[in-house]
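Asker: Protein sequence lines, in the order shown, are assigned to chains A and B.
Each step along the first sequence adds one to the number in numbering that gives the first Met the number 0, with nothing skipped, and position 473 is 472.
Each step along the second sequence adds one to the number in numbering that gives the first Met the number 0, with nothing skipped, and position 144 is 143.
Treat the hints as calculated values from the structure; they're not laboratory data.
Hints should not be assumed to be uniformly reliable.
Claimed, not checked - Just some of the chain B residues that point at chain A, by a computed CB distance under 7 Å:
{"#": "1", "residue": "ASP170"}
{"#": "2", "residue": "SER174"}
{"#": "3", "residue": "ALA177"}
{"#": "4", "residue": "ILE291"}
Unchecked claim - Distance windows between CB atoms, simulated:
{"#": "5", "chain 1": "A", "residue 1": "GLY123", "chain 2": "B", "residue 2": "TRP222", "range": "36 to 44 Å"}
{"#": "6", "chain 1": "A", "residue 1": "ARG127", "chain 2": "B", "residue 2": "LEU120", "range": "31 to 39 Å"}
{"#": "7", "chain 1": "A", "residue 1": "GLY363", "chain 2": "B", "residue 2": "GLY100", "range": "33 to 41 Å"}
{"#": "8", "chain 1": "B", "residue 1": "LEU125", "chain 2": "A", "residue 2": "GLU319", "range": "54 to 62 Å"}
{"#": "9", "chain 1": "B", "residue 1": "GLY173", "chain 2": "A", "residue 2": "GLU91", "range": "14 to 22 Å"}
{"#": "10", "chain 1": "B", "residue 1": "LEU270", "chain 2": "A", "residue 2": "THR434", "range": "55 to 63 Å"}
{"#": "11", "chain 1": "A", "residue 1": "GLU91", "chain 2": "B", "residue 2": "ALA85", "range": "25 to 33 Å"}
{"#": "12", "chain 1": "B", "residue 1": "TRP222", "chain 2": "A", "residue 2": "GLY31", "range": "40 to 48 Å"}
{"#": "13", "chain 1": "B", "residue 1": "GLY100", "chain 2": "A", "residue 2": "ARG127", "range": "50 to 58 Å"}
{"#": "14", "chain 1": "A", "residue 1": "GLY363", "chain 2": "B", "residue 2": "ARG119", "range": "47 to 55 Å"}
{"#": "15", "chain 1": "A", "residue 1": "ASP139", "chain 2": "B", "residue 2": "GLY124", "range": "51 to 59 Å"}
{"#": "16", "chain 1": "B", "residue 1": "GLY173", "chain 2": "A", "residue 2": "VAL231", "range": "28 to 36 Å"}
{"#": "17", "chain 1": "B", "residue 1": "ILE276", "chain 2": "A", "residue 2": "ASP279", "range": "25 to 33 Å"}
{"#": "18", "chain 1": "A", "residue 1": "SER265", "chain 2": "B", "residue 2": "GLY173", "range": "44 to 52 Å"}
Said to hold, decoys possible - To spell it out: a stretch of chain A is covered by chain B in this simulated footprint if at least three of its residues, at any positions, have a beta carbon under 8 Å from a beta carbon of chain B; those stretches are:
{"#": "19", "segment": "88–95"}
{"#": "20", "segment": "118–126"}
By construction, the Cβ of each residue, glycine as well, lies at the ideal position given by its N, Cα and C atoms.
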Amino acid sequence: MQDHETNPPPGAETRRSGEVLLEARGITKQFGDVRANDDVSLVLRAGEIHALLGENGAGKSTLVKILYGALEPNAGTLHWRGAPVRISSPAEARALGIGMVFQHFSLFEALTVAENIALALPGGTPLRDLAKRIRSVSQDYGLALDPDAIVADLPVGIRQRIEIVRCLLQEPKLIIMDEPTSVLTPQEADQLFLTLERLTAEGCAILYISHRLEEVKRICHHATIMRHGKVVMECDPAQETAGSLARLMVGSAVHDLKRGAQVAESAPRLELRGLSAPPDGPFSVALQDIDLSVKGGEVVAIAGIAGNGQGELFDLLSGERRAQDSGAIVIDGTASGHLGITHRRRQGCGFVPEERLGHGAVPGLRLSENIVLTRHGTGDGLVRGGMLDMGLARRMEQRIKSNFDVRMSHDDPEARALSGGNLQKFVIGRELDRTPGVLVVNQPTWGVDAGAAALIRQELIDLSRQGSAVLVISQDLDEIFEVADRIAVISRGHLSPAEPAVQLTRERIGLLMGGLEEGQGKAHHAA
Amino acid sequence: MGGYESILLTVITAATPLLLAAIGELVVERSGVLNLGVEGMMIVGAVLGFAGAQATGSAYIGALCALGAGMGLALLFGFLTLHLVANQVATGLALTLLGLGLAGMIGEAFVGQPGIRLERLHIPGLSTLPFIGPVLFGQDLLVYLSLALVAGVSFVLFRTRAGLIIRAVGDNHGSAHALGVSVIRVRYLAVLFGGACAGLAGGYLSLAYTPQWVEGMTAGRGWIALALVVFSTWRPLRLLAGAYLFGAVGILQFHAQAHGVAIPSQFLTALPYLATIIVLVMISRNRVLTRINTPACLGQPFVPDR
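Work the whole structure out from these sequences, hints included.
Answerer: So, in structure tokens, the structure goes:
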């Protein structure tokens, strides 16, 4: 097995000879007028990491749900180790040995980590023993977890770990992973890749869905590419380039980002001066003396491992939580720490939170109604004499839809009806539509396909070049290097000084993420 | 000291029906279902419990009839809301109206008849203890059962896999379904348990509290039980505290009125509600804990997608 890792090209072919674990033949699934899967066939072999590629809406999630028994196909058959099977529930899938790591977390927020994992395992293990197993397995795979923590208090990165550890504890033969690295740091992702190598060496098959083509090229032995519900191509990703894979997925070339020249010296539009905040919950992070200045015309990115204070910082910036010291947050020269969200929006700020469904948009409300929610108090004319102008809101919705390529099956749907990438385009488009002077975005392209991510990143750069200050909080280093002019790193509530992106290396950022210069100048923290 | 004993005794009798009905509803709501029909299930339990006891001469068979009556209405509720996915709030309200009407009709023949009282069980050795003996160890079966249910529900919910599944279904039915839990079955069982408890609570009224049938004898206790569940933040032990506090203040204000305390009687009558709300709001002030204990899917319809 070691040979394959060092010489991937011949390895890819030999891997294809592994025992066939699961085979899907001619899977078709119809949702109303949309054919989400059209005659899809797929062969998964033991010891193979099989990439499933495609844009958002290409039908990957539907196919995966069918393999996992969460959906029933309209036509087609599944075969487990050569014998036809009907997988009519996730429990049956698990009984066969199929495990799944979900992209949209299937966790119970009110329960502890151990309770969440216990629910996916057969009964009989006392919770205390399970907690021990969780500790040892999660340490073993470098995905440390506290079994007694309550999920509601945990950031997305840690939640992803729970999903992965939960799946590993089921000791599956086939693991389906939907975007497992989207919220992991490079180091965490590397750790996961080692885990995957180990699992395949043990004869496990892995179906791997990711939008990160570089990582697919690096770890996957075989790839199936889907477009509009159909399999368009099978290939060995190591033989392809990221560009050629992207072209196969999208059906046309994905453009590189256009950076444009940075606007010459301008005044800071968003300043943080010694911003500190105590933790607001038992598992939240305290922010320590954060200084940062974002000028008009630049994109500043904050890198960091999930759960190091990004969410807390965003809440303080957006005004969801007020700062204790009003002068700690200065927007266009005005002390704004005490102001609420609507006030800050009126000052020309825009905010895009991390969680698009539930935080960025109300799932059960139409898009136009979601526009009213963020723009009713910003002087856009949506409220006149206490009455809503829904006609205007719908025109805004149309405008955002066409400017940001938001695809929907019918006009003005409920937010929950949009796919993840399309909703993200809408949520960001809603803010950009106002041309905010200061834009703060948390995880702008989490779980979004290559095409949509490129569009969103380009829009962020373009906004800054019009003279706005853009602050991007992200855990995706590729994204940060693509968009940022300067980069700061957050670690356990401390923010490193922002440095020009061209002077920073990934290694240095990795070290900063690990807390290298945490609490700079404070003796007790100097590493 | 006989006076104090009798006060304590009446506190227990006042608290028991509330506790019985509320502990059942707590389990129902933990599974994510809001059944506002507690009052209706209680009153049908009261009348059929009375009828069962009259027909057989046994108060215990009466209590069983009450239990069955509550479950019957709960089954109807479950069929409408879980199978046919009817609106839970509207169905629950309709269930209360149906129960009140049904009970009035069935009970017409029983008005004014002397009832059969559930016997007090004297625990040998303990019930003769001075002062506390008769109060703590000379109660009827349903009083002990209500306390055992609180302990049992608390244990099952927080210490067993079955309880974990109930809480998981109430927190996120979509994820529970994805993990292969039969959401509808879990909810059916919870709703039936809630119905059995509400029926028994009604039976307690017509078999122990005042052994007779009076139309509308539940007098809003089903609604109080519902409120207690919410104010106790879905925690069984707080529910016990709330039910007894409500019972105690209710009885004490009676005695205060009887002694001619110079406070308007309307205020005294409102006192149990005020006291219970204030105390339960105080103990559930911790917002983090409240959020964790509130079933996130409460009242939401569930349709599995296939």
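Asker: Failing hints, ascending?
Answerer: none
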